[in-house]
Amino acid sequence: MLKRDFFARSVHEVAPELIGATLLVDGVGGTIVEVEAYDQGDPASHAYGGPTARNATMFGPPGHAYVYRSYGIHWCLNLVCGSGNDAEAVLIRALEPTAGIELQQQRRGVEDLRKLCSGPGKLCQALAITGKHDGLPLDQLPFQLKERREVPQIVTGPRIGITRAAELPWRYGLLGSPFLSRVLRSA
DNA sequence: ACCGCGATGCACT
DNA sequence: GTGCATCGCGGTG
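All the letters of the first sequence, read from the start, carry residue numbers 1083 to 1269 under this note's numbering.
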């Protein structure tokens, strides 16, 4: 299990190490295959411009979940990193489903495994992550984060769906995975 | 393969 | 009022 110390480092160290780790919420989830890093002073980050009610969790201690509503419809999950109060977080963008697949299919209304968790909004729907998870510690139920066993091959590229600082190659993916939100070519 | 759009909430100007 | 760290659908190559 990943402990809080794991997250108490620069988001740029933590983000690539999350590829291959296992994320479960109430026993449902899979292998992390795609993430994005957002750091302090990043114009694309919710924390850019200082603390607000929405981003308060990002300014709190590492090892906690930051969950926000996206486009009024979806939820997105971040894992807070850094030494504390420095507003760094990793956006979880895609999983390869491995646990509770039937439940995920039911929640998503789709059968195709590649469509269950291939996007930040999709995986929150599949794992039933909502605003009530915002601020919860990652080393306690309902969360379970398991360290990867082997170092996977990782591809980097620009982040997705942002306009500011879009050129920064802070998206990390598992090489060749069919469960990514979009194809990732080396940058 | 890409492009446009609507749904819907809320932080911020 | 504007702009999103999105998704799914329908249109066009």
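By construction, these hints were calculated from the structure, which means they are not laboratory data. Don't take every hint at face value.
Simulated pairs of lysine-lysine, DSSO-like, Cα-Cα distance not exceeding 27 angstroms [unchecked claim]:
(1) LYS1214 with LYS1228
(2) LYS1085 with LYS1214
(3) LYS1228 with LYS1197
(4) LYS1197 with LYS1214
(5) LYS1228 with LYS1085
Derived DEER-like restraints, expressed as beta-carbon distance ranges [stated by the list, open to error]:
(6) GLY1154 with ILE1242: 16 to 22 angstroms
(7) ARG1091 with LEU1223: 35 to 41 angstroms
(8) SER1152 with GLY1131: 15 to 21 angstroms
(9) ILE1244 with GLU1184: 30 to 36 angstroms
(10) GLU1095 with GLY1132: 37 to 43 angstroms
(11) ASP1194 with SER1165: 20 to 26 angstroms
(12) GLN1222 with PRO1251: 31 to 37 angstroms
(13) MET1083 with GLY1132: 28 to 34 angstroms
Ideal placement from N, C-alpha and C gives every residue a C-beta, glycine not left out.
Hint check:
1. Simply put, LYS1214 and LYS1228 have alpha-carbon atoms about 22 angstroms apart, close enough for the 27 angstroms limit, and the pair holds.
2. Using a Cα cut-off of 27 angstroms, the hinted pair LYS1085 and LYS1214 holds, with the two alpha carbons roughly 22 angstroms apart.
3. For the hint linking LYS1228 to LYS1197, the alpha-carbon distance of about 23 angstroms falls within 27 angstroms, and the restraint holds.
4. Restraint check for LYS1197 and LYS1214: the C-alpha separation of about 24 angstroms stays at or below 27 angstroms, so the hint holds.
5. Pair hint LYS1228 plus LYS1085 holds up; C-alpha atoms about 9 angstroms apart against a cutoff of 27 angstroms.
6. Checked against the hint of 16 to 22 angstroms, the pair GLY1154 and ILE1242 passes, with Cβ atoms roughly 19 angstroms apart.
7. Between ARG1091 and LEU1223, the C-beta spacing of about 24 angstroms breaks the proposed range 35 to 41 angstroms.
8. At roughly 18 angstroms, the beta-carbon separation of SER1152 and GLY1131 lies within the given 15 to 21 angstroms, and the hint holds.
9. Against the hinted window of 30 to 36 angstroms, the Cβ-Cβ separation of ILE1244 and GLU1184 comes to about 34 angstroms, which satisfies the hint.
10. About 24 angstroms separates the C-beta atoms of GLU1095 and GLY1132, a value inconsistent with the hinted range of 37 to 43 angstroms.
11. Our hint of 20 to 26 angstroms for ASP1194 and SER1165 is violated, since their Cβ atoms are close to 41 angstroms apart.
12. For GLN1222 and PRO1251, the hinted distance range of 31 to 37 angstroms is satisfied, since their beta carbons lie about 33 angstroms from each other.
13. Distance hint for MET1083 and GLY1132: a CB-CB separation of about 33 angstroms, consistent with the stated range 28 to 34 angstroms.
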